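Student: These are the residues of each chain, in order.
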Amino acid sequence: MASDGRVTRFNAAERIVHWVVALAFGYAALTGLALWSPRLFWLAAVFGGGTTARAWHPWGGVVFTAALAVMFLKWARAMRIDADDRTWLARAHRYAVHDHAGLPEPGRFNAGQKALFWLQSAAAALLLASGVVLWLPESMPRALREASILIHPLAAVASIGGIILHVYMGTAAVPKALRGMIQGWVTPRWAALHHPKWYREIRK
Amino acid sequence: MSQDLQAVSATPGGAAGSDVDTTSLAKLIDTSTCIGCKACEAACQEWNDHPVTLAPFDGTYQSQPDLSHSFWNLIKFNETEIDGAPAWLMSKYQCMHCIDPGCLRSCPAPGAIVQHANGIVDFVPEQCIGCGYCMTGCPFDVPKFDPYTKKVYKCTLCTDRVSVGLEPACIKACPTSCLTFGARDELIQIAEERAETLREDGFQAAGVYNPAGVGGTQVLYVLRHADQPEAYGLPADPQIPWTVTLWKGPLKWLGNLVFVGGVLGAFLHYVRYGPQAEEAPEDARDGE
Ligand code: HEM
Ligand code: SF4
Ligand code: SF4
Chain A
74 MASDGRVTRF
84 NAAERIVHWV
94 VALAFGYAAL
104 TGLALWSPRL
114 FWLAAVFGGG
124 TTARAWHPWG
134 GVVFTAALAV
144 MFLKWARAMR
154 IDADDRTWLA
164 RAHRYAVHDH
174 AGLPEPGRFN
184 AGQKALFWLQ
194 SAAAALLLAS
204 GVVLWLPESM
214 PRALREASIL
224 IHPLAAVASI
234 GGIILHVYMG
244 TAAVPKALRG
254 MIQGWVTPRW
264 AALHHPKWYR
274 EIRK
Chain B
2 MSQDLQAVSA
12 TPGGAAGSDV
22 DTTSLAKLID
32 TSTCIGCKAC
42 EAACQEWNDH
52 PVTLAPFDGT
62 YQSQPDLSHS
72 FWNLIKFNET
82 EIDGAPAWLM
92 SKYQCMHCID
102 PGCLRSCPAP
112 GAIVQHANGI
122 VDFVPEQCIG
132 CGYCMTGCPF
142 DVPKFDPYTK
152 KVYKCTLCTD
162 RVSVGLEPAC
172 IKACPTSCLT
182 FGARDELIQI
192 AEERAETLRE
202 DGFQAAGVYN
212 PAGVGGTQVL
222 YVLRHADQPE
232 AYGLPADPQI
242 PWTVTLWKGP
252 LKWLGNLVFV
262 GGVLGAFLHY
272 VRYGPQAEEA
282 PEDARDGE
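Protein chains in written order, with the working numbering: chain A, 74 to 277; chain B, 2 to 289.
Source of the hints: derived by calculation from the structure; they are not laboratory data. Keep in mind it's a predicted model, so treat the numbers as computed, not measured. Built from N, CA and C at the ideal position, the CB exists for glycine as well. Just to be clear, a hint being listed does not mean it is correct.
From the derived model, a few chain A residues whose C-beta atoms are all more than 10 Å from chain B [stated by the list, open to error]:
{"hint": "1", "residue": "Val119"}
{"hint": "2", "residue": "Val135"}
{"hint": "3", "residue": "Arg164"}
{"hint": "4", "residue": "Val170"}
{"hint": "5", "residue": "Ala198"}
{"hint": "6", "residue": "Leu199"}
{"hint": "7", "residue": "Ile233"}
{"hint": "8", "residue": "Met254"}
{"hint": "9", "residue": "Ala265"}
{"hint": "10", "residue": "Glu274"}
Distance ranges between label pairs, derived from CB positions [what the hints assert, rightly or not]:
{"hint": "11", "chain 1": "B", "residue 1": "Asp147", "chain 2": "A", "residue 2": "Ala163", "range": "50 to 58 Å"}
{"hint": "12", "chain 1": "A", "residue 1": "Arg88", "chain 2": "B", "residue 2": "Gly250", "range": "26 to 34 Å"}
{"hint": "13", "chain 1": "B", "residue 1": "Lys173", "chain 2": "A", "residue 2": "Val119", "range": "40 to 48 Å"}
Generate coordinates for the entire structure from the input sequences, incorporating the hints supplied.
Tutor: See below:
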């Protein structure tokens with residue numbers, strides 16, 4: 074912990090990986106959504122036209138999964154869900170209305186963040202596997218194509234849904250959380266409120 | 002785009018097969034009179050300005066193993082056995098111009114696949130983004146990807162000829178009575194009569210191929226062995242894949258609910274409950 078009243082929340086490597094994941098995800102999600110519905114096809118125009126969006130979307134997806142793999146190696150251990158987390162998740166509806174009484178104290182990540190991490194990891198694995206099939210349809214067997222055309226958007230819906238919640242939490246719902254991911258530090262009292270168990274550990 | 006369209010890909014309201022005119026056009030292929038001359042193949046290549054495509058000889062009379070992006074009309078030479086006797090079943094293979102086309106349902110690019118009022122299903126390369134979804138949506142494996150232009154192509158039923166009152170090139174070239182072009186309901190009647198004649202001649206299983214799973218097709222076949230369409234290389238019960246139907250139907254609703262509900266829910270949550278506290282109170286800091 075720094076002496077100037079700043080607690081290091083995420084180091085530079087973690088922040089860079091996080092934002093590479095985020096940018097690539099945003100690109101893949103928006104170019105993908107262009108094909109999701111005719112009402113969103115205008116998104117293709119924003120990204121250089123339908124043909125360009127089609128050609129580059131898979132590369133956005135590949136960057137996303139590669140960066141997520143790095144993030145996975147960095148965080149998988151810290152993201153393990155324990156008994157406290159299960160209690161937390163069972164009371165998440167209380168957390169949502171700011172009633173934190175009886176919630177187990179979160180460590181570096183709370184149970185909601187952990188759940189998101191596992192949701193995104195599973196979705197990314199599915200997106201990559203089905204995405205590669207959709208990428209090269211002319212050389213893929215029909216059974217794989219028929220499965221992927223359903224699995225890919227299904228996994229996309231799950232991960233985009235998760236990210237909508239994640240962005241809301243990280244920007245509006247939890248003030249100053251974003252600074253932890255951009256500048257990398259939070260105040261001691263921020264840490265004490267949102268991640269008390271982690272704060273006690275790093276204060277030792 | 003002209004207005005003689007009844008369905009347009011990826012366009013709200015352009016429901017495939019919604020308003021089909023039963024006097025729409027059709028092509029009838031009477032396989033019992035096909036002599037395997039491949040005049041239709043040559044005429045198709047020539048009319049569409051496709052290059053001469055040579056395939057290595059693989060022991061059959063078939064000129065190509067499969068359709069390709071620049072080979073839209075293939076006579077299949079099916080050497081098989083029927084009721085213990087060898088059978089050599091020639092059948093013309095091309096886009097079926099389905100009444101409910103799976104290719105059009107799958108396509109995400111507005112206007113890349115259209116169904117004309119006369120029923121012809123046509124691809125519009127200018128609008129095609131090359132995703133290949135149509136290749137999965139088509140139950141007949143007809144659309145083929147061109148690795149050079151990165152777009153997908155198939156038989157147009159010579160819409161360019163038909164729209165100026167000519168018959169398709171394959172029909173024009175056929176030297177027997179195998180291929181006929183005309184109003185679909187009349188051709189269905191002619192096909193049924195021909196099947197009846199074949200049954201009288203001893204081919205008890207003779208019948209018409211007009212699969213209901215895709216709402217019927219505008220390419221109709223008379224088969225001597227209509228109980229075994231697979232022997233001709235035709236699927237017995239072609240359907241738009243169920244994953245495609247689920248993807249373009251319920252999944253879209255679920256996804257839209259998640260996207261709109263997520264954004265709206267987050268907004269309403271903020272309005273109702275506001276943000277969390279920013280920091281712990283001073284005394285909870287436990288000194289430093
Ligand atoms: C992991 C590597 C990925 C690969 C190889 C990949 C590949 C593809 C391909 C080839 C398509 C077909 C059309 C196109 O290229 O735009 C597609 C569609 C799509 N992708 Fe991806 N993708 C990947 C990751 C992602 C990610 C991270 C998202 C965002 C959540 C995503 C969301 C979508 C969506 C929404 C569609 C349209 C589905 C529909 O038409 O209903 N993809 N993807
Ligand atoms: S490859 Fe072209 S025609 Fe086929 S579904 Fe995609 S955009 Fe439509
Ligand atoms: S045969 Fe295939 S390509 Fe032709 S109209 Fe039917 S679904 Fe479309």
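Student: A separate judgement is required for each hint: does it hold in the structure or not?
Tutor: Against the structure, the hints come out as follows:
At the 10 Å boundary, the C-beta of Val119(A) stays outside the reach of chain B, the nearest C-beta of that chain being 14 Å off. Look at Val135(A): its CB is around 17 Å from the nearest CB on chain B, clear of 10 Å, so calling it non-interface holds up. With 10 Å as the threshold on Cβ separation, the claim that Arg164(A) sits away from chain B holds: the shortest Cβ distance comes to roughly 15 Å. At roughly 6 Å, the least C-beta separation between Val170(A) and chain B is not larger than 10 Å, which violates its mark as non-interface.
Non-interface status of Ala198(A) relative to chain B is upheld: no Cβ of that chain comes within 10 Å, the nearest being about 19 Å off. Residue placement check: Leu199(A) keeps its beta carbon more than 10 Å from all beta carbons of chain B (closest about 14 Å). The claim that Ile233(A) lies off the interface is violated: its Cβ sits roughly 7 Å from the closest Cβ of chain B, which falls inside the 10 Å cut-off. With a least beta-carbon separation of about 16 Å from chain B, Met254(A) lies farther than 10 Å from that chain, consistent with its non-interface assignment.
At the 10 Å boundary, the C-beta of Ala265(A) falls inside the reach of chain B, the nearest C-beta of that chain being 4 Å off. Against the 10 Å criterion, Glu274(A) stays outside the reach of chain B, whose nearest CB is about 13 Å from its own CB. Distance hint check for Asp147(B) and Ala163(A): the Cβ-Cβ separation is about 55 Å, which falls inside the suggested range of 50 to 58 Å. The hinted range of 26 to 34 Å is not satisfied by Arg88(A) and Gly250(B), whose Cβ atoms lie roughly 41 Å apart.
Taking the beta carbon of each, Lys173(B) and Val119(A) are about 46 Å apart, inside 40 to 48 Å as hinted.
Of the numbered hints stated above, those contradicted by the structure are hints 4, 7, 9 and 12, listed in ascending order.
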